[in-house]
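S.K.: Sequence:
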Amino acid sequence: MIDPQTALALCRLCFYAGVIATYGAGAFTAWLAPGRLGRQLALASTGPVNAAALLALGSTIAWLPLEAATIGSWQSALDSGTLSVLLFGTAIGSVWLVRLVLALALAASLLWPSADRVRTALAALLLASLALGGHAAMDGDTPRGVVHVLNHAVHLLSGGFWLGSLLLLPACLTRLRDPAECKEAAVALRRFSRAGHVAVALVIASGVVNTFLVLGRWPLDPGSPYQMLLAAKIVLVAGMTGLALVNRYVFVPDIRKQPDRAIVRIRAGTYAELALGAGVLILVAFFGLLDPAG
31 MIDPQTALAL
41 CRLCFYAGVI
51 ATYGAGAFTA
61 WLAPGRLGRQ
71 LALASTGPVN
81 AAALLALGST
91 IAWLPLEAAT
101 IGSWQSALDS
111 GTLSVLLFGT
121 AIGSVWLVRL
131 VLALALAASL
141 LWPSADRVRT
151 ALAALLLASL
161 ALGGHAAMDG
171 DTPRGVVHVL
181 NHAVHLLSGG
191 FWLGSLLLLP
201 ACLTRLRDPA
211 ECKEAAVALR
221 RFSRAGHVAV
231 ALVIASGVVN
241 TFLVLGRWPL
251 DPGSPYQMLL
261 AAKIVLVAGM
271 TGLALVNRYV
281 FVPDIRKQPD
291 RAIVRIRAGT
301 YAELALGAGV
311 LILVAFFGLL
321 DPAG
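So the sequence shown is numbered by the numbering used here: it starts at 31 and just counts up by one.
Bear in mind the hints are in silico, worked out from the structure with no lab data behind them.
Backbone N, C-alpha and C define an ideal beta-carbon position, used for all residues, glycine too.
There may be inaccurate statements among the hints.
With beta-carbon atoms standing in for the labels, derived distance ranges [stated by the list, open to error]:
#1 148 - 258: 16 to 26 Å
#2 228 - 127: 45 to 55 Å
#3 147 - 251: 43 to 53 Å
#4 177 - 319: 44 to 54 Å
#5 305 - 216: 25 to 35 Å
#6 33 - 251: 36 to 46 Å
#7 258 - 177: 46 to 56 Å
Capping the alpha-carbon separation at 20 Å, the derived lysine to any residue pairs in SDA-like fashion look like this [what the hints assert, rightly or not]:
#8 263 - 293
#9 287 - 209
#10 263 - 320
#11 263 - 304
#12 213 - 304
#13 213 - 291
#14 213 - 228
#15 263 - 43
#16 263 - 287
#17 263 - 291
#18 263 - 283
#19 213 - 312
#20 263 - 232
#21 263 - 209
#22 263 - 279
#23 263 - 213
#24 287 - 276
#25 263 - 205
#26 287 - 232
#27 263 - 235
#28 263 - 211
#29 263 - 281
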């Protein structure tokens, strides 16, 4: 049987995937894609986005019982006493309640398909709520602690935007070939490029700050599982950054000269970025449960 720690890590992974997909796709259709294109992409992505939002809700509900199981055993996941102490007597419980309210509101927003901006804002808040717990909360209610939480929220939101908005980029690229939609698609790509530059810069800057707030140094200790997994994450993010730069400054300029080949290459680069991003989420889901000092 799977152990509670691994189950909690998988729950975290499901939460990340669900909320980032909802947030990133919503940001793309609501703010990057103009007019009719935004509505078309929102309609086409309704099913996956709804599934992602429900995945975020389901993983949120499962999170607290799994936390209880990691403290005791699998029996603790359903023990009312353990759950009550965890819920009402710890910061974990308080943060979980906030997250549950946001996840329920996000799921309820699915009943109003036109409320895409509200849904995106709720997904952003749900993602940012991760900064209220874990390593970001290790410094408590101190000035350093406030800086740590705010910085981690920036890291989560910028990273979530970067990875989540990539999900709709291939569909937008396809519309560059359609004379009726190519102008709006080009506008969306330009907006994505500008916003993407900001998001990548914020991910890197806030990631460096996070690393030094948690460790006080670069993660170079081969005997520390936390540091080695964090180092692997840094390598994957560097790979994503490299792919993004190649897409923007090598392949995008070729669209005017050789549009078909350029679009194929940009799409391939996008899928590669998404694959590396999935690797980042897997690593974070697991090393976020480890002791940085270990």
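S.K.: Now tell me if each hint is right for this structure.
M.R.: Here is what the structure says about each hint:
1. Between residue 148 and residue 258, the C-beta spacing of about 41 Å breaks the proposed range 16 to 26 Å.
2. Checking the proposed 45 to 55 Å range against residue 228 and residue 127 shows it is violated: the Cβ atoms sit about 32 Å from each other.
3. Taking 43 to 53 Å as the suggested C-beta distance range, the pair residue 147 and residue 251 conforms, at roughly 44 Å.
4. Range check, residue 177 to residue 319: Cβ separation about 23 Å, and the 44 to 54 Å hint is violated.
5. Judged by the Cβ atoms, the range 25 to 35 Å given for residue 305 and residue 216 holds: they are separated by roughly 26 Å.
6. Here the CB-CB span from residue 33 to residue 251 is close to 25 Å, at odds with the stated 36 to 46 Å.
7. Checking the proposed 46 to 56 Å range against residue 258 and residue 177 shows it is violated: the Cβ atoms sit about 26 Å from each other.
8. Between the alpha carbons of residue 263 and residue 293 the distance comes to roughly 28 Å, so the proposed pair goes past 20 Å and is violated.
9. Pair hint residue 287 plus residue 209 holds up; C-alpha atoms about 17 Å apart against a cutoff of 20 Å.
10. With a CA separation close to 14 Å, the supplied pair residue 263 and residue 320 stays within the 20 Å bound.
11. Only pairs whose Cα atoms come within 20 Å are accepted, and residue 263 paired with residue 304 is accepted, the gap being roughly 14 Å.
12. A distance of roughly 25 Å separates the Cα atoms of residue 213 and residue 304; the hinted pair therefore is violated under the 20 Å criterion.
13. Distance restraint check for residue 213 and residue 291: the Cα-Cα separation of roughly 19 Å lies within the 20 Å cut-off, and the hinted pair is therefore satisfied.
14. Taking the CA atoms of residue 213 and residue 228, the gap is about 23 Å. The hint is violated against a cut of 20 Å.
15. Taking the CA atoms of residue 263 and residue 43, the gap is near 14 Å; set against the 20 Å cutoff, the hint holds.
16. Between residue 263 and residue 287 the CA atoms are separated by roughly 36 Å; this puts the pair beyond 20 Å, and the hint is violated.
17. As the CA atoms of residue 263 and residue 291 are separated by approximately 31 Å, the hinted pair breaks the 20 Å bound.
18. With a C-alpha separation of about 30 Å, the suggested pairing of residue 263 with residue 283 is violated against the 20 Å cut-off.
19. For the hint linking residue 213 to residue 312, the alpha-carbon distance of about 37 Å lies beyond 20 Å, and the restraint is violated.
20. Pair hint residue 263 plus residue 232 holds up; C-alpha atoms about 16 Å apart against a cutoff of 20 Å.
21. Of the pairs offered as hints, the one joining residue 263 and residue 209 is violated, with about 41 Å between alpha carbons and a cut-off of 20 Å exceeded.
22. About 24 Å separates the Cα atoms of residue 263 and residue 279, which puts this hinted pair outside 20 Å; it is violated.
23. Proposed proximity of residue 263 and residue 213 is contradicted: the alpha carbons are some 37 Å apart, above 20 Å.
24. Between residue 287 and residue 276 the alpha-carbon distance is near 17 Å, which keeps this suggested pair within the 20 Å criterion.
25. For the given pair, residue 263 sits about 33 Å from residue 205 by alpha-carbon distance, which is inconsistent with the 20 Å threshold.
26. Restraint check for residue 287 and residue 232: not satisfied, since their Cα atoms lie roughly 32 Å apart, outside the 20 Å limit.
27. In summary, the hint linking residue 263 to residue 235 is supported, as the alpha carbons are separated by about 15 Å, within the 20 Å threshold.
28. For a cut-off of 20 Å, the pair hint linking residue 263 to residue 211 is broken: about 37 Å separates their Cα positions.
29. This hinted pair does not check out: residue 263 and residue 281 have alpha carbons roughly 26 Å apart, beyond 20 Å.
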